[in-house]
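Could you put the whole structure together from the sequences, leaning on the hints where they help?
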Amino acid sequence: MINEGYKAMLGGKSVIRELSEYATRRGAEIGYENVFDFSLGNPSVPAPDDFTRTMVDLYEHGDPVAIHGYSPSLGIPSVCATIAELLNRRFGVPYEAHHIFPTTGAAGALSHAMRAVTKPGDEIITFAPYFPEYQPYVAGTGAKLTVVPADTANFQINFDAFEAALNANVQAVLINTPNNPSGAVYSAETLTRLSAILAAKQTEYGHDIFLISDEPYREIVFDGGEQPYPARFYSNTLTCYSFSKSLSLPGERIGYVAVNPRATDADLLVAMMGQISRGTGHNCPPSSIQLGVAKVIDETSDLSVYETNMNLLYDALTSLGFEVVRPGGTFYIFPKALESDATAFCLKAKEYDLILVPSDSFGVTGHFRMAYCVDTEKVKRSIPALERFVREQYGR
Numbered sequence: 001m002i003n004e005g006y007k008a009m010l011g012g013k014s015v016i017r018e019l020s021e022y023a024t025r026r027g028a029e030i031g032y033e034n035v036f037d038f039s040l041g042n043p044s045v046p047a048p049d050d051f052t053r054t055m056v057d058l059y060e061h062g063d064p065v066a067i068h069g070y071s072p073s074l075g076i077p078s079v080c081a082t083i084a085e086l087l088n089r090r091f092g093v094p095y096e097a098h099h100i101f102p103t104t105g106a107a108g109a110l111s112h113a114m115r116a117v118t119k120p121g122d123e124i125i126t127f128a129p130y131f132p133e134y135q136p137y138v139a140g141t142g143a144k145l146t147v148v149p150a151d152t153a154n155f156q157i158n159f160d161a162f163e164a165a166l167n168a169n170v171q172a173v174l175i176n177t178p179n180n181p182s183g184a185v186y187s188a189e190t191l192t193r194l195s196a197i198l199a200a201k202q203t204e205y206g207h208d209i210f211l212i213s214d215e216p217y218r219e220i221v222f223d224g225g226e227q228p229y230p231a232r233f234y235s236n237t238l239t240c241y242s243f244s245k246s247l248s249l250p251g252e253r254i255g256y257v258a259v260n261p262r263a264t265d266a267d268l269l270v271a272m273m274g275q276i277s278r279g280t281g282h283n284c285p286p287s288s289i290q291l292g293v294a295k296v297i298d299e300t301s302d303l304s305v306y307e308t309n310m311n312l313l314y315d316a317l318t319s320l321g322f323e324v325v326r327p328g329g330t331f332y333i334f335p336k337a338l339e340s341d342a343t344a345f346c347l348k349a350k351e352y353d354l355i356l357v358p359s360d361s362f363g364v365t366g367h368f369r370m371a372y373c374v375d376t377e378k379v380k381r382s383i384p385a386l387e388r389f390v391r392e393q394y395g396r
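Read in order, the letters of the sequence shown correspond to residues 1 to 396 in UniProt numbering.
A hint or two may mislead.
[To be verified] Derived pair list, reagent style DSSO-like, types lysine-lysine, alpha-carbon separation capped at 30 Å:
1. Lys-348 x Lys-378
2. Lys-144 x Lys-119
3. Lys-336 x Lys-348
4. Lys-201 x Lys-119
5. Lys-144 x Lys-348
6. Lys-378 x Lys-336
7. Lys-350 x Lys-336
8. Lys-348 x Lys-380
9. Lys-348 x Lys-295
10. Lys-7 x Lys-144
11. Lys-119 x Lys-7
12. Lys-378 x Lys-350
13. Lys-380 x Lys-350
14. Lys-336 x Lys-295
The set of hints was computed from the structure by calculation and includes no laboratory data.
The following block contains the structure:
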């Protein structure tokens with residue numbers, strides 16, 4: 001008999017994927033260049049040339065057994081050491097190789113981190129707006145996800161609601177900064193206050209509360225700013241990272257968990273994640289890609305295009321009367337819709353070949369997400385379509 005739980009999930013397909021598939025079908029009809037598809041967060045800039053040259057050199061001159069063989073279950077030691085050295089140098093946290101666990105992207109990192117610090121029946125708290133896939137990720141662990149309502153004024157943490165939600169069953173708090181979908185960058189003030197609350201609650205409840213920090217957009221920060229590193233603020237932090245956005249390598253599926261050396265049982269957690277891999281099948285990410293990213297560990301793709309695109313859209317949206325919190329990073333913008341029903345708003349936009357994602361699946365009503373990881377030329381061409389949509393549908 002087939003698994004009825006997974007069968008039921010077929011009816012709950014991701015809204016983002018559905019819209020992306022619609023955009024592809026529509027593109028086959030009228031040319032994809034005429035579909036303004038802001039649905040999917042797929043990086044639009046190429047990987048660095050150095051990464052390509054590194055991979056070519058590895059395949060031409062490297063040891064084929066090392067390149068194509070299984071990675072050790074805890075990752076290639078030299079790669080773990082390179083990542084630890086980078087994090088230590090950049091953020092001043094004294095990681096060593098045994099605190100780094102390479103994974104198949106940020107999804108694999110989250111899968112391991114959640115299982116390492118919770119058991120079925122425990123509770124994980126996250127903050128709206130949030131990446132919708134957190135729901136199945138947490139459900140797969142047997143834990144319960146509690147979502148704290150958003151502070152839509154600035155998309156920092158709604159601390160009053162957070163403190164009301166905390167209880168002794170909470171074993172982990174999951175944050176995503178810079179944030180998908182809002183583009184908000186959690187400030188040092190926000191992280192300081194979060195750390196103080198968690199430290200106090202650990203004492204009150206008599207058990208650890210881990211902070212799981214999902215950071216695939218860490219390098220995409222605007223206006224010359226930077227993302228304060230959450231693990232510097234709180235000892236019990238598991239940092240989940242992906243090279244998908246920084247190096248534009250989403251198809252290679254490579255990331256890591258970094259265990260804060262000051263965390264409880266820091267020297268055990270990576271070894272435990274190796275055991276988690278045995279049960280989840282999320283083990284041994286590709287050897288060649290681990291070796292490749294380690295060679296270009298200080299590089300990124302040319303991420304400046306995302307700031308250019310954000311400014312174009314932010315200026316256009318605000319000039320049309322949209323309420324928008326200006327993103328501090330990522331490649332997403334999260335305006336308030338021009339009617340309370342975000343789904344109805346986005347369906348109307350489809351008639352103008354504008355593919356926008358309603359906010360309901362992100363835990364917020366009345367907003368929509370635009371993923372502007374598209375060519376700047378196409379962003380510019382989308383603005384007249386957006387203006388026509390707003391004028392004809394809403395009289396603005």
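Here's how the hints hold up against the structure:
no. : hint              : result
1   : Lys-348 x Lys-378 : 20 Å, holds
2   : Lys-144 x Lys-119 : 10 Å, holds
3   : Lys-336 x Lys-348 : 15 Å, holds
4   : Lys-201 x Lys-119 : 19 Å, holds
5   : Lys-144 x Lys-348 : 35 Å, violated
6   : Lys-378 x Lys-336 : 22 Å, holds
7   : Lys-350 x Lys-336 : 17 Å, holds
8   : Lys-348 x Lys-380 : 20 Å, holds
9   : Lys-348 x Lys-295 : 47 Å, violated
10  : Lys-7 x Lys-144   : 20 Å, holds
11  : Lys-119 x Lys-7   : 24 Å, holds
12  : Lys-378 x Lys-350 : 16 Å, holds
13  : Lys-380 x Lys-350 : 18 Å, holds
14  : Lys-336 x Lys-295 : 42 Å, violated
Consistency with the previously given hints fails for numbers 5, 9, 14, ordered from lowest to highest.
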